[in-house]
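> Sequence:
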Amino acid sequence: MVSDAVRTSIALPGLFTPVEHEGRWLVDGGLVNPVPVSLCRAMGADLVIAVDLNSDIVGKHLRKARASKAAAPDNPDGVGETMLARIQSGMATLGIAGPKTADNRPSMLEVLASSINIMQQRITRSRLAGDPADVLIAPRLAEFGLMEFHRAAVAIEAGSRATKPVLQQIHILLENG
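Everything in the sequence shown is counted per my numbering, starting at 1 for the first residue and increasing by one.
Read the hints as simulated data drawn from the structure, not as lab findings.
Some clues are possibly wrong.
Unchecked claim - Result set (DMTMM-like, lysine to aspartate or glutamate): computed pairs, CA atoms no more than 25 Å apart in a straight line:
#1 Lys164 <-> Asp28
#2 Lys164 <-> Asp131
#3 Lys164 <-> Glu143
#4 Lys164 <-> Glu175
#5 Lys164 <-> Asp134
Unchecked claim - Across the chosen pairs, the derived CB separations fall in these ranges:
#6 Gly177 <-> Asn33: 22 to 30 Å
#7 Val166 <-> Met43: 33 to 41 Å
#8 Phe16 <-> Leu167: 29 to 37 Å
#9 Ser9 <-> Ala45: 17 to 25 Å
#10 Gly130 <-> Ala5: 20 to 28 Å
#11 Pro132 <-> Arg105: 32 to 40 Å
#12 Leu47 <-> Ser115: 31 to 39 Å
#13 Val166 <-> Gly130: 15 to 23 Å
#14 Thr17 <-> Leu167: 37 to 45 Å
#15 Leu47 <-> Arg105: 30 to 38 Å
#16 Val2 <-> Val32: 33 to 41 Å
Even glycine gets a Cβ: it sits at the ideal position worked out from N, Cα and C.
Model the full structure from these sequences, guided by the hints.
Structure representation (structure tokens):
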């Protein structure tokens, strides 16, 4: 089922529980292969155009709020906010998230999220060094939160901006392919 695959793809240790499937516990594949170029090649791809969503995520949870986030478009439907509010509330109750302390220490959730980001970026760099994509697109998405689905149009625009510099390279590779 698609819903099972989506649920598994967001299973991040410490944030969302793993999913049991055929006697195995599964988590987001990005934990071991964030940009699966090697998998594409193993499946027979002649040309791999990869998208690295981790290019600027390190430290994002520890940065001060950006002006662009304050100016984010309204979310009249509240899409994603209810779930995020419930997660944050639950974590605040447990003392692992919430406002920073007087000495500005990050919360346990911020440290966990930053740790996962660092691991994913390092794994991405290592895997791409060993098996580079033919074309790599790296949109800058650090300003996006985990549950900000309502900002999809802004994320798509960031992807479009990141793609423009490599479009000619893609066309050449497709023509010569």
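> Next step is simple, just say for each hint if it's right about the structure.
Outcome of the hint check:
1. Between Lys164 and Asp28 the CA atoms are separated by roughly 29 Å; this puts the pair beyond 25 Å, and the hint is violated.
2. Among the hinted pairs, Lys164 with Asp131 is consistent with the structure: their alpha-carbon atoms are about 23 Å apart, no more than 25 Å.
3. Taken as a hint, the Lys164 and Glu143 pair is honoured in the structure, with Cα atoms around 20 Å apart against an allowance of 25 Å.
4. This hinted pair checks out: Lys164 and Glu175 have alpha carbons roughly 18 Å apart, not beyond 25 Å.
5. For the given pair, Lys164 sits about 16 Å from Asp134 by alpha-carbon distance, which is consistent with the 25 Å threshold.
6. The hint said 22 to 30 Å for the Cβ distance between Gly177 and Asn33, and at roughly 24 Å that hint holds.
7. About 22 Å separates the C-beta atoms of Val166 and Met43, a value inconsistent with the hinted range of 33 to 41 Å.
8. A C-beta distance of roughly 35 Å is found between Phe16 and Leu167, which places it inside the suggested range of 29 to 37 Å.
9. Ser9 and Ala45 have their C-beta atoms about 20 Å apart, which keeps the hinted 17 to 25 Å range intact.
10. Taking 20 to 28 Å as the suggested C-beta distance range, the pair Gly130 and Ala5 conforms, at roughly 27 Å.
11. For Pro132 and Arg105, the hinted distance range of 32 to 40 Å is satisfied, since their beta carbons lie about 39 Å from each other.
12. Leu47 and Ser115 have their C-beta atoms about 34 Å apart, which keeps the hinted 31 to 39 Å range intact.
13. Taking 15 to 23 Å as the suggested C-beta distance range, the pair Val166 and Gly130 conforms, at roughly 21 Å.
14. Checking the proposed 37 to 45 Å range against Thr17 and Leu167 shows it holds: the Cβ atoms sit about 40 Å from each other.
15. Between Leu47 and Arg105 the C-beta distance comes to about 47 Å, which lies outside the given range of 30 to 38 Å.
16. A C-beta distance of roughly 22 Å is found between Val2 and Val32, which places it outside the suggested range of 33 to 41 Å.
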